[in-house]
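In order, the protein sequences belong to chains L and B.
So in our numbering, spot 732 of the first sequence is number 732, and the numbers just go up one at a time.
All you need for our numbering is the position in the second sequence, starting with 1, plus 867.
Among the clues, some could well be false.
[To be verified] Simulated crosslink set (BS3-like; lysine-lysine; CA at most 27 angstroms straight-line):
1. B:K981 to L:K46
2. L:K68 to L:K170
3. B:K981 to L:K392
4. L:K424 to L:K245
5. L:K325 to L:K161
6. B:K1285 to B:K1252
7. B:K1252 to L:K125
8. B:K935 to L:K248
9. B:K941 to L:K248
10. L:K537 to B:K981
11. B:K1252 to L:K229
12. L:K229 to L:K392
13. L:K325 to L:K229
14. L:K392 to L:K248
15. B:K941 to B:K1215
16. B:K1252 to B:K935
17. B:K1252 to L:K232
18. L:K225 to B:K982
19. L:K245 to L:K162
20. L:K537 to B:K1048
[As the list claims (entries may be wrong)] Stretch-level coverage of chain B by chain L, calculated; a stretch enters the list once three of its residues show a Cβ under 8 angstroms from a Cβ in chain L:
21. 972 to 980
22. 985 to 992
23. 998 to 1007
24. 1034 to 1040
25. 1052 to 1059
26. 1101 to 1109
27. 1287 to 1293
The set of hints was computed from the structure by calculation and includes no laboratory data.
The C-beta atom is built at its ideal place from N, Cα and C for all residues, glycine as well.
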Amino acid sequence: MATFDQFENMYDMRLKPVMLRCLIRQYLPDEKRPLSLNHTCSELPKLVSIVQTFRLLSESETHSVDQKLINTWRSAVDDWVNRLELLLSSDTSDKCWIGICLLGVTCLECSNQRFLSSYTVWIDKLLSRIQPPADSQLVKIASCTSISDLLTRLARFPEVKKDGNLLAGKLVQPVLKLLNEDSVEAVLDGAANLLYTIITFFPASIHHHYDRAEAALASKILSGKYSTKTLKKLGCCLALLPKSKGDKDSWPLMMQKILISISDHLNEAFQGVEEEGKADEARRLLVPPGKDPPSPLGGTSFKAARNSERLPASTVSSLMFCCCKMLTSSYPFQVTAPIRSMLALVERLLMVDGSLPHTMLPFMTSMQQELICSELPLLHACSLELLIAIIKAMRSQLLPHAAYVVRLVTRYFRSCAPPELRIKLYSIARMLLISMGVGMAIYLAPDVIDNAFNDLNSLGCEEVETSPAKIGPSTGALVQPSNRKRKHGAKTGPLEKLDTTGPDVETPNMHQMTPITVKIAALDTLEVLLTVGGASKSESWRSSIDSLLIKTATNSCKGGWGNEEDNIFLPHESTSIWTDFQLSSLRALLASFLAPTCVRPPYLSQGLELFRRGKQEAGIKVAGFCSYALLALEVLIHPRALPLDDFYSAYHNSADGASHRFPEITHFSGQKQDTMFFNGMRTTKQSAAESHHDDLYDRWLQNENIPVENLEDHISRPKLGEKPCANDSSFTNIVEVSEQEPAAANSGALERTIDEITVQPPNFQESIPKSHEIVSAEVSMIPAVGRNAEGTEIEYKRSSPACDQDMVSGDDVLADKVDVFENTHGNTCSTLSNAEKSIAYVGHLESDSSMDSFPDIVDADPDTDSD
Amino acid sequence: MNIVVASSSVDGGIGCWDLQTGAEQLRYKTCASTPHGLTSVGSRFLACSQLRDPSATSGHVLYWSWSKPQAQVKSFPAEPIKPLAANSEGTYIVGGGLSGDIYLWEVATGRLLKKWHAHYRAVTCLVFSEDDSLLISGSEDGCIRVWSLFLIFDDVRRQQASHLYEYSFTEHTLRVTDIVKGYGGGNAIIVSASEDRTCKVWSLSRGRLLRNIVFPSIIDAVALDPGEHVFYAGSRDGKIYIAELNATSSTSNGYGLHIIGSLSDHSKPVTCLAYSAEGNLLLSGSEDGMVRVWDVKTQNIIRMFRHAKGPVNNIVIVRRPAPPLRAESKEQFSSRRHELSLPPPLEKYANSTDEDMDNRTIITLPDTRDLPSYLSSQLINDHIKELQQQGSSAAAEMDVERLKHDCKRSMQMFLKLKKTYDNLQEFCISELLDGEQKGGSEGNSP
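In isolation and in its complexed conformation, chain L is listed as follows (with noise of 0.2 angstroms):
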């Protein structure tokens, strides 16, 4: 045969054929051979792969090649299909359970014109195939999951649409014989995915049988007897019913009949731990007084038995599941959704918490409370579901009810403790935060911060693992209970907040171990309270969260990076874990470096030594993240006041230092810059009045271009002659601050100063503290006062202590001192509004006899005159 051809290598056209035929002999049964089923067990995965890859069965590119090519491969597809069709009308049932498994690849394999020509034969054959009824489980399965992928592709083409609904239509009846008759769970399951695949492709072909799908499904689902997966199968069938009506009221009344008959599970669950009333309040909700209820769930008929040793929640929980899955999926109609009664069913279910109200006590047996505590965390979990999913679907809507579900949420988070609850409860708040913007900011900031702040602070498990030699002070708040109150109050010091992070290695108290994923989700959701919330009212909270968060972030890093290759050993969620950690820590670092405050962000340098790792030596995830942040930061850093280029031809002419200004404000607006704003704005008046014109403009440009590298010369000449260690950007960052200098300042006095920059590191640790005073007087704009700057001393202090950190560790060698004095040079400056920059800068510099030398800045300060 074909052994004799030569092929060009795997990917010639012609060996496909080839193979296939070579396929058929060898895998495939026939009369004649028997089917050994130990051997096609290992055989069967193979083939389907192989004829995935190669697409065998695609009979594509047929335009490109001879006709003789063509014809071959044809006839191999044919006699495929039809060894297959052989296999199906036999009368073992694992031929024709084999028949059934490949018909369904070939659905999905074959060429358009194939699979148009012969859906329907194919359709029939395997239709025959659920309905006898003595046949093998495996075999309806296999073709209940045939016909479904049969008809998603079918579903592809639009042109068939109508005939695929008359088909569709012909397998309703069969299918839902399947789930009323069959009780054997994994058929149930096969049925399942049939029915979703025929409401999702061909919702009006249900349209007839619409009462009788539900009363099946809902039998089903209320007699709750299977699997969590299964039922949510179903659930997502009975979610999607009302689809096929494609009316305006199917919605509301499935959504109703679903809540109504929840309810009624409920009150008959929650007999004994809440409150009674409860269960009328709720009825009065979902059927307002004077009007009928409608049928309940399933049709009048159906009555589910009840079992009062077991609580119904697997029940209770898929039908809750349905209700979200139909507040999420599309509908082709606004619909009215009962959304107080479904808000008072998260609140019903979220209040009950296993303890007994007084009124109660004498009719609870402690055996029915253990029952009920032992359901309840299960129920809770599907009723936050039910709430993401409204929050979901109503978006801006839920406003009017947005004041109910955060005042739910709060109440609900400070006695929430499993971990699965918690990071449910993050990511509403994420949710809500979001979808709400800065009100709900506002609202939502201090329930989230004292809870997130709980959890970071309090020992998680795999950091013990990870980094044992990790011991911090001792933590006897720790252990208190009262930790779980405002710990956050803005009075605490971010110092001493931190150490309570040191997990206690001697003592391990398993109560205060948070999981590493509820870390995550607490770093996200502080993440996206910064980004939404950060500008407004945060005054109170933001140095305590942005202490912590620098902390959180140094302690992910420190015990390496994370792999974020797969680890086989390892159940697949835990791979790369701790890769999450640090990358939600360091994302949350980042949000708490560029949201809107009103001071200098205090920890900037150890977070940039922090990304700076991370991009040398950290995964690509987190390296990748690294990388973005310190470009992010670079605006921080190096604020831009460009010109725009459109106006600069027509109105070209110097600008005033202090239009520069403007981005701080849009960017950074705190106290400071406004005041500098408008300290700008008087200066731009006075020197327009003074028709006083300087190029600084011009003269930044120059600087830029020409001059660094004579500054640099400058710089490095009288010391670091040997070692010129630091990098171009500190440097630029001298100049920069040099160019801010008042027009009156000139070249000369810069250069001056420049000189002195380098000479004076041995002594700056006494200068730093007295160029704060220097400059807190200057910052007050009152340059005559400036004694009571209160709102900058704070600011001071925050920065103080990275300094004297640096300092600290900055030992005899210059060159060490130079970076260190680079970093307090940022650090200071950074605190300092531009236009005082060069002034606490010559302040800072002539340290020891810094008086004497202020009153010639302040003369250089044009703003004097104007006081």
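Got chain L sorted already, so can you dock chain B onto it with the hints?
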């Protein structure tokens, strides 16, 4: 496609043009709008508040669907509404009354959800913040107030709060004529114009004035450059001034501080401005009834739309999906049918008797697609696993046949063995008997 929608204070209908091609679209009839009274509700339809006569004691609000020229829904609020605004999703409409009250309606039901006394005199403009959580209102008394919608709806906190508004800006001395919002949610800036010849820049996060710019003439309209480099101020002297926000400036052009230039072609006062971010175009409406499209880079007029004889007082740019091709259109319409029908009219009074309606909300469910996928090959793997484990009942069923066969074979084997055994026994017995006979004979013999 971006559509320019313009209306006038005298009845000239609502003019619509495609911004890219300049082609005029359908003209919607009978509209005499108030300033800031025209809005597109979630791009689904147009709403416009009507006031024929400034001194009238009643006005109304009209809805037009995109496809029909006639106004289809007419609402009669309790008092004349001047400015009208909708949130970006189009779920709420707010209107500012002559008395200084602000009304908030739910679009889907037309219910008046909230009404509150916002200003001492008539409300002149209403703007939603970018995240739709704040509402900014300007009034004839020169006051600008920022409202958190969240607070407005929170009955509990509202009672605790000393005032409803988040901020109240009182620096303007005369009527506020226009407000625009900048980029960002909580940290945005807003720019307001007033009859006191100033424009002021405010910070929403700090709640304070950032910049005050005095213009040579009264500014009636403001448009903000999306990058917030500059803003454009349309003035009653017919010029559009360019004022710096985040840009270098010159002070030598004689207009005043922070004003870096002007666009001018209008002889008549500029009444409204709009900025199209796509293509960097500035649109200006004038009292001469023309809408001019400026290219801000070159500062040239690149298009002019003739709207009406009377002054244009509203320009809105609406982003609409391009009209579908014939073949697709049918399916699209059938899947999103509700877009065609307009919601009911806005209610006049808050109707608190209908408690059932309070419990329900009409929502449009999100348009998610979540399709089944092909399962066959996965199924094969699952079943194979099951078969190999041989544990499940389903797999066992398939083995029954083989077992039957085995059984039969064992049966045969059994029979064969039995036969052997029988033979053997027979043999043994006979041997034994023989032996006994022999033994007997032997025993007898000695």
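Going through the hints against the structure:
Taking the CA atoms of K981 (chain B) and K46 (chain L), the gap is about 66 angstroms. The hint is violated against a cut of 27 angstroms. For the given pair, K68 (chain L) sits about 40 angstroms from K170 (chain L) by alpha-carbon distance, which is inconsistent with the 27 angstroms threshold. For the hint linking K981 (chain B) to K392 (chain L), the alpha-carbon distance of about 24 angstroms falls within 27 angstroms, and the restraint holds. Restraint check for K424 (chain L) and K245 (chain L): not satisfied, since their Cα atoms lie roughly 34 angstroms apart, outside the 27 angstroms limit.
Distance hint between K325 (chain L) and K161 (chain L) is fulfilled; the C-alpha atoms sit about 26 angstroms from each other, no more than 27 angstroms. A threshold of 27 angstroms between alpha carbons decides the hint, and for K1285 (chain B) with K1252 (chain B) the separation of about 40 angstroms lies outside it, so the pair is violated. For a cut-off of 27 angstroms, the pair hint linking K1252 (chain B) to K125 (chain L) stands: about 26 angstroms separates their Cα positions. Under the criterion of a C-alpha separation no larger than 27 angstroms, the hint pairing K935 (chain B) with K248 (chain L) is consistent with the structure, at around 24 angstroms.
Proximity of K941 (chain B) to K248 (chain L) is assessed by CA-CA distance (about 24 angstroms); at most 27 angstroms being required, the pair is judged to hold. This hinted pair checks out: K537 (chain L) and K981 (chain B) have alpha carbons roughly 25 angstroms apart, not beyond 27 angstroms. Between the alpha carbons of K1252 (chain B) and K229 (chain L) the distance comes to roughly 19 angstroms, so the proposed pair stays at or under 27 angstroms and holds. Taking the CA atoms of K229 (chain L) and K392 (chain L), the gap is near 23 angstroms; set against the 27 angstroms cutoff, the hint holds.
Distance hint between K325 (chain L) and K229 (chain L) is fulfilled; the C-alpha atoms sit about 14 angstroms from each other, no more than 27 angstroms. Among the hinted pairs, K392 (chain L) with K248 (chain L) is consistent with the structure: their alpha-carbon atoms are about 21 angstroms apart, no more than 27 angstroms. Restraint check for K941 (chain B) and K1215 (chain B): the C-alpha separation of about 12 angstroms stays at or below 27 angstroms, so the hint holds. Distance hint between K1252 (chain B) and K935 (chain B) is unfulfilled; the C-alpha atoms sit about 62 angstroms from each other, more than 27 angstroms.
Using a Cα cut-off of 27 angstroms, the hinted pair K1252 (chain B) and K232 (chain L) holds, with the two alpha carbons roughly 23 angstroms apart. For a cut-off of 27 angstroms, the pair hint linking K225 (chain L) to K982 (chain B) is broken: about 52 angstroms separates their Cα positions. Taking the CA atoms of K245 (chain L) and K162 (chain L), the gap is about 16 angstroms. The hint holds against a cut of 27 angstroms. Proximity of K537 (chain L) to K1048 (chain B) is assessed by CA-CA distance (about 19 angstroms); at most 27 angstroms being required, the pair is judged to hold.
Note: the segment 972 to 980 of chain B has 3 residues with beta-carbon separation from chain L under 8 angstroms; the three-residue rule is met and the coverage holds. With 0 residues having a Cβ less than 8 angstroms from any Cβ of chain L, the segment 985 to 992 of chain B misses the three-residue criterion, and the hint is violated. Evaluation of the coverage hint for the segment 998 to 1007 of chain B: fulfilled, as 4 residues show C-beta separations to chain L shorter than 8 angstroms, against a requirement of three. With a threshold of 8 angstroms between beta carbons, the proposed coverage of the segment 1034 to 1040 of chain B by chain L is violated, since 0 of its residues qualify and at least three are required.
Closer than 8 angstroms: that is the beta-carbon criterion, and the segment 1052 to 1059 of chain B has 4 residues meeting it against chain L, so the requirement of 3 holds. Closer than 8 angstroms: that is the beta-carbon criterion, and the segment 1101 to 1109 of chain B has 1 residues meeting it against chain L, so the requirement of 3 is violated. Using a Cβ-Cβ cut-off of 8 angstroms, 0 residues of the segment 1287 to 1293 of chain B lie near chain L, which falls short of the minimum of three, so the contact claim is violated.
Comparing the model with each numbered hint stated earlier shows that hints 1, 2, 4, 6, 16, 18, 22, 24, 26, 27 do not hold.
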